[in-house]
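Asks: Chain by chain, the residues run as shown.
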Amino acid sequence: NAGVTQTPKFQVLKTGQSMTLQCAQDMNHNSMYWYRQDPGMGLRLIYYSASEGTTDKGEVPNGYNVSRLNKREFSLRLESAAPSQTSVYFCASSDWVRVYEQYFGPGTRLTVT
Amino acid sequence: AQKITQTQPGMFVQEKEAVTLDCTYDTSDPSYGLFWYKQPSSGEMIFLIYQGSYDQQNATEGRYSLNFQKARKSANLVISASQLGDSAMYFCAMRIKGGSEKLVFGKGTKLTVNP
Numbered sequence: 001n002a003g004v005t006q007t008p009k010f011q012v013l014k015t016g017q018s019m020t021l022q023c024a025q026d027m028n029h030n031s032m033y034w035y036r037q038d039p040g041m042g043l044r045l046i047y048y049s050a051s052e053g054t055t056d057k058g059e060v061p062n063g064y065n066v067s068r069l070n071k072r073e074f075s076l077r078l079e080s081a082a083p084s085q086t087s088v089y090f091c092a093s094s095d096w097v098r099v100y101e102q103y104f105g106p107g108t109r110l111t112v113t
Numbered sequence: 114a115q116k117i118t119q120t121q122p123g124m125f126v127q128e129k130e131a132v133t134l135d136c137t138y139d140t141s142d143p144s145y146g147l148f149w150y151k152q153p154s155s156g157e158m159i160f161l162i163y164q165g166s167y168d169q170q171n172a173t174e175g176r177y178s179l180n181f182q183k184a185r186k187s188a189n190l191v192i193s194a195s196q197l198g199d200s201a202m203y204f205c206a207m208r209i210k211g212g213s214e215k216l217v218f219g220k221g222t223k224l225t226v227n228p
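Chains as they are written, first to last, in this note's numbering: chain A, 1 to 113; chain B, 114 to 228.
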């Protein structure tokens, strides 16, 4: 039981490059989330998916797109990376019964130069 | 607007003593949930405890308890018998039920447990 896995763990991009952050969970959870964490800040929700086939914007969606590929996988795409997107990105999942108890992945540390 | 405020950037406590981490929240929604997460230096986020707005009793989970004062809009985390392994960042967060699943986190409190 791996829980929530994220790839890659680290990434360095140049301004304007694109990339996709991958997230998968093996807990049969319905809801999945993408957050970013900047130094000295709490987590801010980028996008979430309440169930397979649905996605919704969170607090800071600009510059990102997401895809809920299936129940297990939820990817986050940066089409044209900007230095302001330098951050640690966390994926999380939860079930509908205990939706407050989110299980987090280990995070992806992204640097955009 | 929904908001979580953690006013203590850093806290220190002696091993085996209790410590309270403050959290206040702001929402006009009558139905909401409050929770605490721990983030050790390794970076992962670990769920600690949850309190629903309609729960009559304060939540407890082992050495963690949530001091929920609805009228004051506060949801302080109490850690009893602190251990060295409790040294970490602690985040208070709020979820609004109904409507979209927007989750709001505070900026965190860094707890250091001294031997």
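Don't read these hints as lab results, they were simulated from the structure.
Please note that the accuracy of each hint is not assured.
[Unchecked claim] Taking lysine-lysine pairs in the DSSO-like style, the calculated list, with each CA pair at most 27 Å apart, reads:
hint, chain 1, residue 1, chain 2, residue 2
1, A, K57, B, K220
2, B, K129, B, K223
3, B, K183, B, K116
4, B, K223, B, K186
5, B, K129, A, K57
6, A, K57, A, K71
7, B, K186, B, K220
8, B, K186, A, K9
9, B, K220, B, K129
10, B, K116, A, K9
Predicted model only: the values in this text are computed from it and were never measured.
Asks: Holds or violated: are the alpha carbons of K220 of chain B and K129 of chain B at most 27 Å from each other?
Replies: 26 Å, holds
Asks: Keeping to a limit of 27 Å between CA atoms, is the pair of K186 of chain B and K9 of chain A held or broken?
Replies: Violated - the C-alpha atoms of K9 of chain A and K186 of chain B are around 37 Å apart, more than 27 Å.
Asks: Quickly compare the C-alpha distance for K57 of chain A and K220 of chain B to 27 Å and report which way the hint goes.
Replies: 21 Å, holds
Asks: Does K220 of chain B sit within 27 Å of K186 of chain B, going by the straight-line distance between their CA atoms?
Replies: Distance ~17 Å between K186 of chain B and K220 of chain B Cα, so the pair holds.
Asks: Holds or violated: are the alpha carbons of K183 of chain B and K116 of chain B at most 27 Å from each other?
Replies: 15 Å, holds
Asks: Check whether the Cα positions of K116 of chain B and K9 of chain A lie no farther apart than 27 Å.
Replies: Cα-Cα ~30 Å, so violated.
Asks: What's the verdict on K223 of chain B and K186 of chain B, does the C-alpha distance respect the 27 Å limit or exceed it?
Replies: 22 Å, holds
Asks: Hint check: K129 of chain B vs K57 of chain A, CA-CA at most 27 Å. Holds or violated?
Replies: Given that 27 Å is the threshold and the Cα spacing comes to 43 Å, the pair is violated.
Asks: Going straight from one Cα to the other, do K57 of chain A and K71 of chain A come out at no more than 27 Å?
Replies: 18 Å, holds
Asks: Between K129 of chain B and K223 of chain B, does the CA-CA distance stay at or below 27 Å?
Replies: 18 Å, holds
Checked against the numbered hints given earlier, the structure breaks hints 5, 8 and 10 and satisfies all the rest.
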